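Chemist: Residue strings, one per chain:
2 protein chains.
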Amino acid sequence: MTAVSEPRATKAIARARRRAPYDAESLLDVAVQVFNERGYDGTSMEDLAQAAGISKSSFYHHVEGKEALLAAACDRALDALTAIREDPLAQEGRAVERLENVLRLTVMALITELPYVTLLLRVRGNTASEKKALERRRDFDRFATDLVTQAIADGDLRTDIEPALATKLVFGLVNSLIEWYRPGRTPSDEVVNSTVSLALVGLRA
Amino acid sequence: MTAVSEPRATKAIARARRRAPYDAESLLDVAVQVFNERGYDGTSMEDLAQAAGISKSSFYHHVEGKEALLAAACDRALDALTAIREDPLAQEGRAVERLENVLRLTVMALITELPYVTLLLRVRGNTASEKKALERRRDFDRFATDLVTQAIADGDLRTDIEPALATKLVFGLVNSLIEWYRPGRTPSDEVVNSTVSLALVGLRA
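Same order as they appear, the protein sequences are chains A and B.
Reminder that position 116 of the first sequence reads as 116 in the numbering used here, one-by-one numbering, no gaps.
Reminder that position 122 of the second sequence reads as 122 in the numbering used here, one-by-one numbering, no gaps.
Note that these hints are calculated values from the structure, not bench results.
Hints are not guaranteed to be accurate.
Which copy is meant is left open, because identical chains are indistinguishable; a pair holds if it fits in one copy or across any two.
Keeping only pairs whose Cα atoms sit at most 30 Å apart, straight-line, the calculated DSS-like set for lysine-lysine is [as the list claims (entries may be wrong)]: (1) K131 to K66; (2) K132 to K56; (3) K66 to K56.
Everything numeric in this text was worked out from a predicted model, so none of it was measured.
All chains, please: the whole structure from these sequences, using the hints.
Modeler: Below you can see the structure in the form of structure tokens.
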């Protein structure tokens with residue numbers, strides 16, 4: 001049950017504050033940071049404006065509102081997932097090799113887009129934007145499950161764990177990074193290699 | 001990145017509503033359900049009273065307030081973790097066997113106390129109660145890391161993954177259950193066996 005996440009120095013916020021004038025992207029960075037610390041439902045536009053150090057009306061000058069920020073943040077994370085599916089490494093070769101590539105690319109995307117993916121993985125489906133984001137996540141789920149199913153059929157993965165369950169467990173392992181990975185503490189290539197290795201060794205036939 | 005959690009039919013709430021008069025425990029069930037759906041910070045006492053179908057003042061008759069509910073819920077999950085540490089199965093035998101027992105007991109506790117552990121694992125440390133809960137979680141982390149470290153020293157687990165990282169990955173895998181496990185969909189013994197097996201096979205020397 002290990003692994004602890006705590007609110008930490010809001011680097012994105014400090015960075016955004018140093019960078020003036022604001023643009024939509026730097027405000028999105030701030031919003032994602034605050035959403036991750038307080039929860040989307042617990043955050044008001046006033047909170048976001050305060051965190052950015054600008055007035056609420058200035059904030060509204062750049063962005064439409066809270067839900068638009070959430071949608072944009074989820075889209076950024078989901079676009080990273082779509083890019084993985086479309087990567088040649090995910091398209092060619094034996095299913096087990098494609099699976100290994102997809103796992104590796106997923107860990108790398110988690111590290112590169114950590115705050116965005118963290119937000120995405122905590123979305124509950126309470127609003128239209130969240131429901132849409134969950135639907136796009138499900139597309140990735142199906143893609144991943146198909147890959148595991150194919151690799152089992154090829155005889156490359158163990159057959160005693162049902163494909164959908166195996167997929168959930170392996171991607172559960174990968175996604176747990178958002179709970180414990182802190183940039184800089186462990187070299188990211190060590191995290192990538194250990195995560196992919198642990199996931200795949202356990203799954204191999 | 002798979003595994004999707006959505007708000008679902010609030011069974012605890014329906015159950016609590018059928019059961020009158022309310023007691024502190026049934027209201028805690030309702031509160032945990034609502035916290036998990038909307039986030040603790042996004043939930044008001046008014047929301048909780050509405051979900052329970054009673055007035056806010058009746059709700060306050062049974063419980064002190066929102067933070068007391070959060071503390072009680074986290075304590076219930078943390079007491080389950082403490083019970084694992086104190087279980088004879090976690091105390092006797094080779095470290096690798098104790099680790100396997102602890103993983104198995106943890107998955108079982110996750111399944112039995114799913115809403116409570118879900119809430120605990122999402123706590124961010126924003127309030128005094130949350131900080132206290134995170135501190136108790138860290139005790140369990142240290143216990144788990146010590147066990148992995150010992151099992152590596154015994155030569156039973158692979159040496160190419162650093163003990164703290166291996167512990168985070170393996171418990172990340174186990175904890176991911178809160179994201180995708182739905183009671184009744186997959187038999188719980190299959191989930192327990194597959195999870196423990198996948199985690200340990202990947203880790204073995």
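Chemist: Indicate which option fits the pair K66, K56 if close means a Cα-Cα distance not exceeding 30 Å: within, between, both or neither.
Modeler: Close inside one copy (12 Å) and across copies (29 Å); limit 30 Å.
Chemist: One pair to classify: K132 and K56, alpha carbons no more than 30 Å apart. Within, between, both, or neither?
Modeler: within (27 Å within a copy, 34 Å between copies)
Chemist: 30 Å Cα cut-off: does K131 pair with K66 within a copy, between copies, both or neither?
Modeler: Both. Shortest intra-copy (15 Å) and inter-copy (28 Å) distances satisfy the 30 Å Cα cut-off.
Figure legend: structure checked against the earlier numbered hints; every hint is met.
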